[in-house]
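Engineer: These are the residues of each chain, in order.
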Amino acid sequence: MIELTEKIRDIAKKLLKDGTVDVFIGYKKGSVPMMNEPVLIRNPDEADLLYWDSNCGLNLCNYLTGRTDRIGILATGCNSRSIVTHIIENQIRRDQLYIVGIPCTGMIDHRAVNRAVGHREITDITESDITFTVTGKGFQETFNKADYLQGNCKVCRHRNPVEYDEMIGEPVEEQKGIEPYSDVKNIEKMSCDDKNAFFRRLIDKCIRCYACRNACPLCYCPTCFVDESRPQWVGKSIDPTDTMTFHLLRAFHCAGRCTDCGACERVCPMGISMRQFTRKLNRDAEELFSWQAGLSLTERPPLDTYRSDDYNDFIK
Amino acid sequence: MKNLLEHTGLEPGRLHFSWISSAEATKFVKVAKEVSAAVRALGPAKYLVKRRAEVV
Amino acid sequence: MGDKIFTKQGWVESLRGLAGDYMVFVPVKEGDMYAFRHLDNDTKVAFDDYHNTRMSPKSIVYPQSERMFEYSLDKQDPDCNILKEVPKTFAPQAIVGIRPCDAHAFQISKRNFDTPEYRDPWWVQRYEATTLIGLGCNSPRSTCFCTAMGGGPFDEEGLDVLMFDMGETYLVRALTDKGEAFLGKLNGGRSADKTDREAALRLSDHVRDGMPDVVPVDPIRNKEIKDIFDASFWDDVAFACLNCGTCTFLCPACWCFDVQDEVYGREGDRIRNWDSCMFPLFTLHGSGHNPRAKKFQRVRQRFMHKFKYYVDKFDDGFQCTGCGRCVQFCPVNIDIRDVLRLMSDEPPVRLSA
Chain A
233 MIELTEKIRD IAKKLLKDGT VDVFIGYKKG SVPMMNEPVL IRNPDEADLL YWDSNCGLNL
293 CNYLTGRTDR IGILATGCNS RSIVTHIIEN QIRRDQLYIV GIPCTGMIDH RAVNRAVGHR
353 EITDITESDI TFTVTGKGFQ ETFNKADYLQ GNCKVCRHRN PVEYDEMIGE PVEEQKGIEP
413 YSDVKNIEKM SCDDKNAFFR RLIDKCIRCY ACRNACPLCY CPTCFVDESR PQWVGKSIDP
473 TDTMTFHLLR AFHCAGRCTD CGACERVCPM GISMRQFTRK LNRDAEELFS WQAGLSLTER
533 PPLDTYRSDD YNDFIK
Chain B
4 MKNLLEHTGL EPGRLHFSWI SSAEATKFVK VAKEVSAAVR ALGPAKYLVK RRAEVV
Chain C
35 MGDKIFTKQG WVESLRGLAG DYMVFVPVKE GDMYAFRHLD NDTKVAFDDY HNTRMSPKSI
95 VYPQSERMFE YSLDKQDPDC NILKEVPKTF APQAIVGIRP CDAHAFQISK RNFDTPEYRD
155 PWWVQRYEAT TLIGLGCNSP RSTCFCTAMG GGPFDEEGLD VLMFDMGETY LVRALTDKGE
215 AFLGKLNGGR SADKTDREAA LRLSDHVRDG MPDVVPVDPI RNKEIKDIFD ASFWDDVAFA
275 CLNCGTCTFL CPACWCFDVQ DEVYGREGDR IRNWDSCMFP LFTLHGSGHN PRAKKFQRVR
335 QRFMHKFKYY VDKFDDGFQC TGCGRCVQFC PVNIDIRDVL RLMSDEPPVR LSA
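Protein chains in written order, with the working numbering: chain A, 233 to 548; chain B, 4 to 59; chain C, 35 to 387.
Watch out, some of these pointers could steer you wrong.
Claimed, not checked - Quick list of simulated restraints, FRET-style, between CB atoms:
hint: 1; chain 1: A; residue 1: ASP277; chain 2: C; residue 2: GLU258; range: 48 to 58 Å
hint: 2; chain 1: A; residue 1: ASP542; chain 2: C; residue 2: LYS260; range: 55 to 65 Å
hint: 3; chain 1: A; residue 1: GLU420; chain 2: C; residue 2: ASP111; range: 44 to 54 Å
hint: 4; chain 1: C; residue 1: GLU191; chain 2: A; residue 2: ARG274; range: 41 to 51 Å
hint: 5; chain 1: A; residue 1: GLU406; chain 2: B; residue 2: ALA26; range: 48 to 58 Å
hint: 6; chain 1: A; residue 1: PRO463; chain 2: C; residue 2: ASP346; range: 32 to 42 Å
hint: 7; chain 1: C; residue 1: HIS240; chain 2: A; residue 2: ARG352; range: 17 to 27 Å
hint: 8; chain 1: A; residue 1: MET399; chain 2: B; residue 2: LEU45; range: 32 to 42 Å
The set of hints was computed from the structure by calculation and includes no laboratory data. Quick reminder that beta carbons are idealized off the backbone N, C-alpha and C, glycines included.
Excised from the complex, chain A in its bound form:
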């Protein structure tokens, strides 16, 4: 991890010095463990703030929207796919970007780690290739990283960046034998009432802080429908039906665009697995349209093209 951090800093310095980019977007080490902070680097001498480990779970593509300068950006597999989606949706131009690809072995699920140490306070985390060690007052424990990956990283099939100008290090081996949608299939087997109860329970802690929406690089509308008050499309209270409406519509807007980067789930202060909404849509996009978002700069997504053989079974 130290070597990768050093490489990122060197590349950022070089790009800023030789004028290839105006700014560089990466992560800096967080003030609390497992919480690294996205950072904008403007000049080479700030580049030593850059940091890399398995706690960089925010999607940096989120910080590209609306920028007009030339940007260097660090990108893992899912981040690079979100950048591709941004480009084909005309939110940023490819020639504005210098993408520094970084092969990814997954991000650590901070909630699972806190659970594993019985919610005692972790004050430090260090990492080697396949393990990480957490330290707190009176305890130190080492875990295998593979056992504590974020839910989306466990089922990831694109760990290597799909689009980049420069790659840091060798590509990593993609995970084999992944059953990407077993959770979705389990829900599909439920009765209608059980499904309803499952999703109501899923979001019953939601406080409508909109962290999930705001962490998502796909949510870039100038005004979100929940923030409109004239007309008021949806109630603003914590009424369960209004909350469900928000989650459903947020998910629908991600149909055929979501790269399952997991940022929505990672940032939720209440620990809600709202990926259960988007994952159903991802599965449908894959099953019905053979589509995974963000893999190609030239192919148009299924929801903005018409083909005579499009999936049609739901129409009578």
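Following the hints, position chains B and C against chain A.
Structural biologist: Same frame as chain A, but now just chains B and C:
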């Protein structure tokens, strides 16, 4: 849309999609009858129905 | 009434005995987090293992969504278009195990909701019906900075009763008449003696001395608003910000709300919901103009309100209690302590490293 709504607990048979041209009056009548019969069979809706905000 | 000693089990049993007199809230574990919930016969009370609840207990006095008025839009109804206050009862309730920082926050909010000119009827009536039974913090987290905000792990401000966790027992001390009344209704316990009281004092002194005092706040008081407002660091502070409501909704001292009407057929409700300075609807004018339209302006508003506007207006403390929730749970790690250092012209710890 139908898939996700049904995945999250909407009864199959409550939401219908159909292409009907303005010239297809008979098809319109047929589909409308089918939809109304299917929805009636399901009874009153429970999913995503808000009578009044559930707040204190 | 002097201090009393309860065994830990005896304390919970006594609290259960209050069922007819108070609605008692206690911390319970729910999944990965803690929340204040009603105490009933099978509640597993988490006094021993909890540090603090994820959401502050402010919602017990000030619910996230609250129906204020209802109205009819039916032209046949003689009361058509008349706002009617929703009838509510404010039965006595007690928050047992509230941390001193969160109790301190009610004193801060009181300045907003209970002023000589305006009294918010719902907040005030709920607050007055509430007895706050604090539990001193034996082991504050590294993200806690209550002492820098004028509080402390055993601070009494805003509390009616303070509990000291003495290992096997609680030493319980009434601080106000409300607290005396609450303890008067409790069965069991014995009077604390001099040894008990000295042990409690030693405990609280020891914990307080171990608190970090690394957050400088006094320089902000003496600076001009404009100098901080126009400082160059706001862009950098705000860069990572998602403009989500996590910090403001988890904050025990954030009090802003938004009022929205909801209409159902021929009737409607006027509901108030917690607002957040992070949201685009916040301070949006009827004209469509918003003086805080940009992300950095919203971020700046949060910190300026807590550490400058509030200070200049009330000249007594800050609109922050140092509970550390926003430090722990900001999804992008914007650390309020770092921002305070910038506002005081001191280099943030991370940047100077």
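Engineer: All the hints need checking, so say for each whether the structure fits it.
Structural biologist: Evaluation of the provided hints:
For the pair ASP277(A) and GLU258(C), the beta carbons lie near 30 Å from each other, so the given range of 48 to 58 Å is not met. In this structure the hint that ASP542(A) and LYS260(C) lie 55 to 65 Å apart at CB holds, the actual value being about 59 Å. Separated by about 48 Å at the C-beta atoms, GLU420(A) and ASP111(C) satisfy the suggested range of 44 to 54 Å. Taking the beta carbon of each, GLU191(C) and ARG274(A) are about 43 Å apart, inside 41 to 51 Å as hinted.
Restraint check, GLU406(A) to ALA26(B): a C-beta distance of roughly 53 Å satisfies the suggested window 48 to 58 Å. For PRO463(A) paired with ASP346(C), a C-beta distance near 39 Å keeps the hint of 32 to 42 Å intact. Hint check: HIS240(C) to ARG352(A), Cβ distance near 20 Å, so the stated range 17 to 27 Å holds. Range check, MET399(A) to LEU45(B): Cβ separation about 54 Å, and the 32 to 42 Å hint is violated.
In the structure shown, a violation is registered for the earlier hints numbered 1 and 8, in ascending order.
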